[in-house]
Structures are given as C-alpha cells and as structure tokens.
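Read off the chains here:
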Amino acid sequence: MRPLDPQAQVRLVLNEAFVHRKAVAIGGALLALGIVVAGLLVQQGYTASVTLLADERNIIRPLMEGMAVPTEVVDRVRLAREIIFGRRIMDQILEIGGWMKDNPSPEEQEKRIEAVQKRTKVSTVGRNLIKIEYKDVDPERAFRLADRMGALFIQESVITQADESRRAYEFIDKQVGEYHKKLRAAEEELRDFRSKHLGAGPAIEADVGARMAALETKIQESTQALQEAQIKKKSLQRQLSGEAEVATVLSREGQYRARIAELQGQLETLRLSYHETYPDIVRIKQQINDLKDSIAAEKTRRETAKASGHVTIDDSVLNNPMYQALRKDLSETEILIDTLRGRIAEAKRQIAATLERGQRQVGGEATLAELTRDYQVNRDLYQDLLKKREKARVSMNLDVEKQGLRFKVQEPATLPTQPGGIRFLHFLLAGLFLGVTVPLAAIYAKVTIDPRVRVGRAMGESDRVPILAVVPRYWTASELSMARAELARLGLIVAACGATIALLTVLRVLKVI
Amino acid sequence: MSKIEEALKRARSEKNLPVPQARRPETNGDGTGSSSAETDAETARGFDLILRNRLAGSVAKMRQGPLTDATALIERRIIVPDPRAEGAADAFREIRTKILRKAHGRNCVIMVTSVAPRAGTSFVSVNLGVAFALDAAKTALLVECNLRNAATARVVPTLADEQLLGLTDYLEQPDMDISGVIHPTGIERLRVIPAGQIREIPAEYFMSHRMRSLVDDIRGRYPDRFVILDSPPMTQAADAQTLAEMADYVVLVVPYGQVTNAQIDACLKAIDPKKLIGIVFNNEPRVEREVWRQIPREAVRLIRERAAYAWQRIVDSWTRLIGRLAH
Numbered sequence: 001m002r003p004l005d006p007q008a009q010v011r012l013v014l015n016e017a018f019v020h021r022k023a024v025a026i027g028g029a030l031l032a033l034g035i036v037v038a039g040l041l042v043q044q045g046y047t048a049s050v051t052l053l054a055d056e057r058n059i060i061r062p063l064m065e066g067m068a069v070p071t072e073v074v075d076r077v078r079l080a081r082e083i084i085f086g087r088r089i090m091d092q093i094l095e096i097g098g099w100m101k102d103n104p105s106p107e108e109q110e111k112r113i114e115a116v117q118k119r120t121k122v123s124t125v126g127r128n129l130i131k132i133e134y135k136d137v138d139p140e141r142a143f144r145l146a147d148r149m150g151a152l153f154i155q156e157s158v159i160t161q162a163d164e165s166r167r168a169y170e171f172i173d174k175q176v177g178e179y180h181k182k183l184r185a186a187e188e189e190l191r192d193f194r195s196k197h198l199g200a201g202p203a204i205e206a207d208v209g210a211r212m213a214a215l216e217t218k219i220q221e222s223t224q225a226l227q228e229a230q231i232k233k234k235s236l237q238r239q240l241s242g243e244a245e246v247a248t249v250l251s252r253e254g255q256y257r258a259r260i261a262e263l264q265g266q267l268e269t270l271r272l273s274y275h276e277t278y279p280d281i282v283r284i285k286q287q288i289n290d291l292k293d294s295i296a297a298e299k300t301r302r303e304t305a306k307a308s309g310h311v312t313i314d315d316s317v318l319n320n321p322m323y324q325a326l327r328k329d330l331s332e333t334e335i336l337i338d339t340l341r342g343r344i345a346e347a348k349r350q351i352a353a354t355l356e357r358g359q360r361q362v363g364g365e366a367t368l369a370e371l372t373r374d375y376q377v378n379r380d381l382y383q384d385l386l387k388k389r390e391k392a393r394v395s396m397n398l399d400v401e402k403q404g405l406r407f408k409v410q411e412p413a414t415l416p417t418q419p420g421g422i423r424f425l426h427f428l429l430a431g432l433f434l435g436v437t438v439p440l441a442a443i444y445a446k447v448t449i450d451p452r453v454r455v456g457r458a459m460g461e462s463d464r465v466p467i468l469a470v471v472p473r474y475w476t477a478s479e480l481s482m483a484r485a486e487l488a489r490l491g492l493i494v495a496a497c498g499a500t501i502a503l504l505t506v507l508r509v510l511k512v513i
Numbered sequence: 001m002s003k004i005e006e007a008l009k010r011a012r013s014e015k016n017l018p019v020p021q022a023r024r025p026e027t028n029g030d031g032t033g034s035s036s037a038e039t040d041a042e043t044a045r046g047f048d049l050i051l052r053n054r055l056a057g058s059v060a061k062m063r064q065g066p067l068t069d070a071t072a073l074i075e076r077r078i079i080v081p082d083p084r085a086e087g088a089a090d091a092f093r094e095i096r097t098k099i100l101r102k103a104h105g106r107n108c109v110i111m112v113t114s115v116a117p118r119a120g121t122s123f124v125s126v127n128l129g130v131a132f133a134l135d136a137a138k139t140a141l142l143v144e145c146n147l148r149n150a151a152t153a154r155v156v157p158t159l160a161d162e163q164l165l166g167l168t169d170y171l172e173q174p175d176m177d178i179s180g181v182i183h184p185t186g187i188e189r190l191r192v193i194p195a196g197q198i199r200e201i202p203a204e205y206f207m208s209h210r211m212r213s214l215v216d217d218i219r220g221r222y223p224d225r226f227v228i229l230d231s232p233p234m235t236q237a238a239d240a241q242t243l244a245e246m247a248d249y250v251v252l253v254v255p256y257g258q259v260t261n262a263q264i265d266a267c268l269k270a271i272d273p274k275k276l277i278g279i280v281f282n283n284e285p286r287v288e289r290e291v292w293r294q295i296p297r298e299a300v301r302l303i304r305e306r307a308a309y310a311w312q313r314i315v316d317s318w319t320r321l322i323g324r325l326a327h
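One line per chain: the protein sequences are A and B, in this order. Residue numbers for the first sequence, in our numbering: 1 to 513. Residue numbers for the second sequence, in our numbering: 1 to 327.
If we strip away everything but chain A, and leave its shape as in the complex, we get:
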C-alpha cells in the first residue's frame, strides 16, 4: 500500500467524517459540553505562598569573611523542608488549621499531617529566596497557614541554627583541650631530654669535626717539627763529637808529632856525621820512641774515652767556642724534641677523647629529633584547632545574636482570590479544542487502523489490475434533501451545545455558578 500524500489524507478523513457525521457532530458537541461541565464541577484549590529571603548580606559578613562559617545556601531548602515538616511546626499547624478540634487519635493526626505535607511545597526561587506554598480549598485557611508556616519556620530555624553552632563550638573546644594536654606532654619530654643531654644540640657534630681537624693538624705540625729536631740533634751530635775529638788530637798528638819531626831532623843531621851508636843518636831515637808511645797512649785514651762516651775535655781544648756553641745547640734541640713528643701525645689523647664524646652525642641526636617532631606536630594541630575554635565561637555568637543566616519575609502571604491549578478557562479551551479534534482523531485512527480499502489508489494489486474508475456516491434528490435536513439538525445540535457552553461561561464569569 502506498502512503498517501497529506492532502489526500485530509480529504479521506473529512470524507469519512462525513460518513459518520452523526457520531462526529454529536460526539464532539457532547464531549465539549462534558468537559466544560466537568470544569464547573471540579473543586478549585487556592494557593497561598510566602517568600523568605535568606539574608546573607548583613553588616557582619564582610567583617567575618574567612573567619566564621555561615550556613550554605544550597542546604536551605532541605533545611527548610526538614524544619517545616518537623513535628514541632506541624503540630502547631494542625492547631491553627483547626484539625485538632475533634481530638483526633495519633494515627489520625499523622494522616492529617501527611495531607498537609502533600499540599505544602518548599522550593527555592533564585539564589537565596525560599518559597513556601500551601494549597487548600479554603482560601482563608490557605492564607493563614502559609503565613504561620513562614513565621514558625523563621523562629525555628534560628533556634536550630544556634543549637548547631553551639554544638560545633563545644566539639572543637573539647578537641582543643585534648591537644593542649598532648602538647604539654611533648614539651615535658623534650625538656627532660635536654636537661639530660646538656650541650646537646645540633651543632655538636660540626664542632667535633672541626676540633678533630684542628688536633690532627696540630699533631701533623708537631710530628714534622719533631722530625726536624731529631735530624738537627743527630747532625749536632755528629758535629760535636767529630769536631771536638779532632781538635783535642791535634793539640796533644800534634805536639808529639812536631817533637818527633824535630827529633827526626836532628837525628838525620846526626846520622850524617855519626854512627848509630852515637849517644846522641841513641837518645834521640829513644826520645822519638817515647813520643810514639805517648801518641799511642793518647790514641788509646781517646778510644777509651770514646767508648765510654766520656769526653775528656782536655785543658788544651777547654776554651774551644765552637764546641761550646754546638753543645748548647744540642742541648736546646734535645729539650725541643722532648717538648714536641709531649705535645703529640697530648693531641692524640685529645682526639681520642673528642671521638668518644662525638660518638656518644650521635645516639642522643635521633631521640631529640623524634621528640622535637612530636612536639611540632602537636603544636601545629593545637594552633590550628585554636583558630578553628575561635571561628566556631564567632559563628556561635553570630547565631546566638541572630546575625548569621537570617530569614526575612520577602513577600508575605496574601489571601488568594484566584484558584490555582487548572481553571475553568482551561477546561473551556480544552473542551472546545478536544470537541473538534477528538472526533477527527478518532476518524483518522479508524481510517489508519481499519484494513478495509477506502482509497482506490491504495488497493493491493492495483499495479497489475487497472482501476477503471472511482465512482462517487450517487446522491438522489431525495437523499440530498434528507442529508441536508440531517445536517441542519446536526448543525442545530452543535449550535445548541455551543450556546450552552457560552451560557455556562457567561454564568461562570458572572459568578452565578
């Protein structure tokens, strides 16, 4: 079946509507009339509303910026709903609404409260406006209850909020107390440790290092000086021994050797003239031997002296200045060596002491760091809590002084004059609209759903079998006049319905019904 173009569809619907003209006209007229009558009968509800402004731009706010924590706007509707639907306000509302006159049972009360809650709507309008709407069949009661709900809500919200703030403050205050105790304990421990490890401190390590370095340097310097002094001592000893002995030998042996040489000369001279047996020669020879013995004795004595280490200062060399100076130097050097040795030993002892002390210090350092850390953490938390407590105190004071989130009646409730919801006008318009469209829609539905062929073109195998012609309905003269009479009758019925609707509307507008 090929789809029809819209024009053909409209024509089809109109044709079919004409076929069912009685049903369409009477059905439509009755439907319209019925809806209008229903509109007259439907009970109208009156809605009264009160709009509250959550005032957050008060004088205190800029002063308290970042200090106090005012209640968030987003929570307000939830808060408002909780407060309004709470038993405290609802009980009063039941009283005001006159629902408690017949002393209802608790269950009955609950039911009535539920009914009131159903008719109450709490919503936000804009950023900080809260609208409380209440709907009732009695406009006066609607007004009264909406008004009271607003007032009770403001009153209740102040109490609730102050209570909340106070509880928050109390909690934080308690926390502050606990942290204060902890902080005190940490301080105590730290102090104990300090008193036990006097001088302990973070500088010790560096100090030990520096001291060690200084001592090492000192040892090095002293060692070097010691070596130098020892070399000097050796050299002096060598000089002293050598020099002194040579000088002594020269003085005594020299004298002997000079006498021998002199005697040799004389001997030589005598030998030239005399025989060996010449007494002079013999004497001279004797003398030379004696001298040689003396030299040997001297040598032996010197060797002995050398061996014994005892330098026999000869009378002849006693006055030797060089020797004296060397002796002095030697003695000084020896003293220096002794001094240096003592110094090095002292420095080494000090290094050992310093090292030992340093090792002892490192263990205490870790404990100290831990104690200090504990103390710092506790101190930070405590300070933070102190700040928070002050904030909470201010918030609490704000709420207590009614300076926090404050509700003001922005738009007070008024006595509703027009019923809300679907009004008679809506019923009237709907009736007229549906009276026309519903029958046509029904016809359209019928034409669409009914599989029976209504359009020549839509026939199944019309592609194969040609349609010879579409024969329109053939109206006889009498049928025409009958149809006209019927249409006139239907027209009169529709007109009568229209007139009834118009009359009802006029009566409604004039408040007769």
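By construction, these hints were calculated from the structure, which means they are not laboratory data. Be aware that a few hints might be false.
As the list claims (entries may be wrong) - Here are the simulated DSBU-like cross-link-like pairs (lysine-lysine), alpha carbons at most 35 Å apart as the crow flies:
(1) A:Lys306 <-> A:Lys292
(2) A:Lys446 <-> B:Lys269
(3) B:Lys98 <-> A:Lys446
(4) A:Lys234 <-> A:Lys348
(5) A:Lys218 <-> A:Lys233
(6) A:Lys135 <-> A:Lys118
Fit chain B to the known structure of chain A by using the hints.
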C-alpha cells in the same frame, strides 16, 4: 416534504391503488437517509411510471417503451446526461471508454461482479448499460444473473413489476423464445433480461447449454449490442466463476470501506487475468458542495416547522380545552 406528500396523494387518489411494499434500492446506499417518507416518494414515482407503461399497452411487445424522465432516473440512481449526475456519469463514461478500447470497438459480454455482497454490483451494471446506451450507435442488454438478490429489477424503472418473465423462466422452459424475456426499460437503447419468476435455481443452471447458447445468441444477434451480466459477488457463490467463463470481460466492483486488500487479492486471483479488465471503486463518499448547499435555509425551515407544529399542538389543546369547558 410537500412535494413528496403531493406525489403520494396523487398516487393514491388518481389510481386508487394500494401502495406496493417495494423496498428502496440499496445497491448504492449506506443506510443514511433511509426513511419511510423517502421510500414512499420513490415508490410513488416508480408506481406512476409503471402505470403509465401499462396504460401504453403490452410492454414486452414494444420495441421501445415510453422514456422515463431524468428526475425519476436520478431518483433511481441511474446516470443521466444532467449536471445533477455529473460525477457518477463521468465515471461510467470512463469505464465505457476503457472497455471499448480494450474490445477494439466490438461488442462484447461484460460480467460485473463484486468482492462482497451489497457492493453495488447492480448499480454498476445498470449504469454501465446506460453508459453504453447513451451512445446513439450502441445498444445494451442487461442480464440479471444474481438470482439470490435480484436488485436490477428494482433499479430499472420498468421492472418494478416483478411479474415479468426472465432468465430463470427461459432456462426452465426449453420452448420459450428469447424475445419473451427481453424487456425494454425506460431508457433509450437499453434492454433487460430480469431474473425471472423462479428464484430457487441451482448454480448448474448457468452451466447448462441453454445458458451458454443464450449468451451467444444475444451477443451475436446485433453487432452493436453490449451485454452486461449482473453477477453475484465472487465470495458468495460459484455462479460468478461459471459466468466469468462465458463473459468476454470481467469488471470487479470494490465497495468503499467494506473489504480488505486481502479480500480483493483473493478475488483477483480467482478471475482469469486475461478477462479481468479492471476494478471499479464504488461509492466513494465525497463531501460535495451540492450537499452543503441550502443548509442554513433548511435549518431555518426545520426550526419553523417544529415551532409551527408545537404552536399547533398548543392551539389544539387549548381549543379542545375551551371546547370541553364550553361543553
């Protein structure tokens, strides 16, 4: 209303005859506007014509009966070359043209059948015959084959008298001459063979040799005569199938808003596609201007009539009351 009443009165007084209980033809009706007043009017008019025909003499013997006037034809839903019947007349002319094109101008036997009963087969058959007859060079013969629901007789003006011999009589009586069952109508160049007196005949009649020879005979007698078989609906009887074999062409009538595509397809499958000439979509409702014209006047008349009636009732009752009081 006054016109109708007049007609009734005339019918009763002048001829002094009982009003026959003829039913209004329903081949093209959807039930609307069916009231006793209308039926009466129609009957009266038809009656008038029959009387005239009777007075004119033996109808059967006449080559051409007296002609029925256009208004009466419209009342019987027969197309006339008149603006009042424009839509339907154009449609039937179109059908005629298409059939002629298919038959290449030669005369033929056309069977008109429908998908479902009450589809308007008789309406289409009669008017197709009339459409052929409107052409001065052609004649048409309508054969009423729907024996169970012989509606043609009620459509064609002359046949309202059901005493005329017809198809069944011819088939029953072997010695009957064919001219005895061909009757003139009130329409020029249109003849008819009615169903006949005997209604309870089995389908086998149509299979008989005599039926076949009848069809051949009436087709062959005049080369300008178009034979139209008003057949029962396809779905109702096997007759339609038998008749289709004898016919040259088959026209299927599909009524508006009564049958589904599936039904149409089933019928189309049952018909020999070579003979099937096409579908006639019948009785499509059109909201024609003609219908809407004069409605306000009608409404005013209606109100006035009711008011007058009511007033008359009041006056009557008062008169009665006063008379009674006076008495």
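For each hint, the structure was consulted:
1. Of the pairs offered as hints, the one joining Lys306 of chain A and Lys292 of chain A holds, with about 21 Å between alpha carbons and a cut-off of 35 Å not exceeded.
2. Pair hint Lys446 of chain A plus Lys269 of chain B holds up; C-alpha atoms about 28 Å apart against a cutoff of 35 Å.
3. The suggested pairing of Lys98 of chain B with Lys446 of chain A holds, with an alpha-carbon distance near 34 Å, which does not exceed 35 Å.
4. Annotation: proposed proximity of Lys234 of chain A to Lys348 of chain A holds, straight-line Cα distance about 26 Å (limit 35 Å).
5. For the proposed pair Lys218 of chain A and Lys233 of chain A, the alpha carbon gap of about 22 Å is at most 35 Å, so the pair holds.
6. For the proposed pair Lys135 of chain A and Lys118 of chain A, the alpha carbon gap of about 9 Å is at most 35 Å, so the pair holds.
The structure meets every hint from the earlier list without exception.
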